[in-house]
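Student: Listed here are the chains, written in short residue letters.
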Amino acid sequence: MSEKKFSKQHEWVSVEGDVATIGITKHAAEMLGDVVFVELPEKGKTVKKEGQAGVVESTKAASDVYTPITGEITETNQSIVDDPGAVNKDPEGHAWFFKIKIKNKSELDELMSKADYDKFAKENPN
Amino acid sequence: MDTQKTALYEYHKSLGAKFVPFAGYQMPVQYSSGIVEEHKTTRSEAGLFDVSHMGQLSIEGSADLILALEKIIPTDFKNIKLNQSKYSFLTNENGGIYDDLIVTKVERGFNIILNAACKDNDFKIIKNALGGKFKLTLHKDLSLIALQGPKASEILENIINGISSLKFMNGKNFSYNSAQIYITRSGYTGEDGFEISIANNMVEDFAKSLIAKGAKPIGLGARDTLRLEAGLCLYGHDINETTTPIEANLKWAISKRRREEGGFLGYNKIKSDINGELSRLRIGIKPAGKIIAREGTKIFSVDGQEIGSVTSGTFGPSVNGPIAMGYVKFDFVKSGTKILLEVRGKKYDAKVSELPFYKKNYVR
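Protein chains in written order, with the numbering used here: chain G, 1 to 126; chain U, 127 to 490.
Think of the hints as simulated: they come from the structure by calculation, not from any bench. If you're wondering where the values come from, they're calculated on a predicted model, not measured in any experiment. Idealized CB from N, CA, C, for every residue including glycine. One should not assume that every hint holds.
[To be verified] Okay, derived cross-link-like pairs now, DSSO-like style, lysine-lysine, Cα gap no bigger than 27 Å in a straight line:
1. K99/G - K416/U
2. K485/U - K26/G
3. K416/U - K45/G
4. K144/U - K122/G
5. K166/U - K382/U
6. K250/U - K342/U
7. K382/U - K397/U
8. K144/U - K114/G
9. K26/G - K122/G
[Claimed, not checked] Label pairs and their computed distance ranges (CB to CB):
10. E468/U - G17/G: 35 to 43 Å
11. L108/G - E421/U: 36 to 44 Å
12. K122/G - V146/U: 55 to 63 Å
13. S461/U - K119/G: 49 to 57 Å
[Claimed, not checked] Some residues of chain G that are not near chain U, with every Cβ distance over 10 Å (derived):
14. K49
15. T59
16. I102
17. S106
18. Y117
The shape of chain G in the complex, shown without the other chains (with noise of 0.2 Å):
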């Protein structure tokens, strides 16, 4: 796979081929605290980037997640379904959101480097 890039909506992106595996960072994951319910797109779906593509809830509060990248749904992680508490645990690795198949590979360009990503999340907590 190869290095991640991230979204100013606190997504990361990682890419294989033409299927670019999505899921929220770990500094989102911190803001939003104790993750308890998980929606995600639907398989087939095409969503179009920073369209909303899944849900997200907190004890506290219901917030959308993003997709960062145009394309059709190939892939759920329905594990984050049944355990959304592994949002928390594994933010970056195995609670990952969805796969898509990219339709627009320049839109990773447009995407941040981890270290400006960490530079931009600093700036903008939320």
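Chain U: place on chain G using the hints.
Tutor: What follows is chain U alone, placed relative to chain G:
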């Protein structure tokens, strides 16, 4: 408006609190272990809550004060015993609720605990109603902390000798470092526990000794999940100026004498509610799956009729699932009734549930 800080603000900070503005105060919403862990700790051990943002009102007076208070609060002030606490409300002329409160009979009169967001308005209402005859003090010099959970009594006994013999919904003066503090056996979590009223300049010391004896600091986040599991109302959400105590399923909080005799603001509406003209009722709701129905979620009957809405909803860590409360039309209030919740445009199965969702025995 400037946000205020409680006397424990710096101490919360040192304990790793994350703060949120709440009713004009910077309050800890959680500490580093997180809401779910804090919730479970309160259920299994003991949690320490700073609730100093709440109003602590004292009113001095005797027989004529009782008569005056009975006109605005439907508690049986004539029969309340010294050091006894009662849950009640400040009602408006339509039978709605200005605030819910705990009133305790003390030697000089009554102590009343008010919600933070309502306390200034409550003070005006009560002062107006009492007509300048009595001494009212909304104490800015006092903090209020709650120690809740099965180990609360054991932990507090280390610091306050004799506390474990205090009965539920009763209070007493105790001495701490040669000062007087007032403790009631009460709370907002569904657990056994205590609420301690203590001078601002002593509260940090007191809190530190509780933590040293094993209590864990708990934020407002877990306070909310705990009270919802216990089926307790949150003012401004589950009850407000448009809900009557009867609609809110809180008839138990109005004694038989007050229900029959009335003589308080809004009694006509409350009386007609009691006599069966009730159009809606507060109920517990258990979603069938994992979906969380937040405040404002519309409730439908299985045949698609809109029958009410959710007033509080969250994930209950001890129930290990989503829980909610709301109001539905009276035909749908029976426990077990199938209902539908509309979340993000989709309808989800749920059932009307008994309250509380989580039950513990209080020490009586």
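Student: Quick check: which numbered hints come out false for this structure?
Tutor: The structure conflicts with hints 2, 5, 6, 12 and 15, although it agrees with all the remaining ones.
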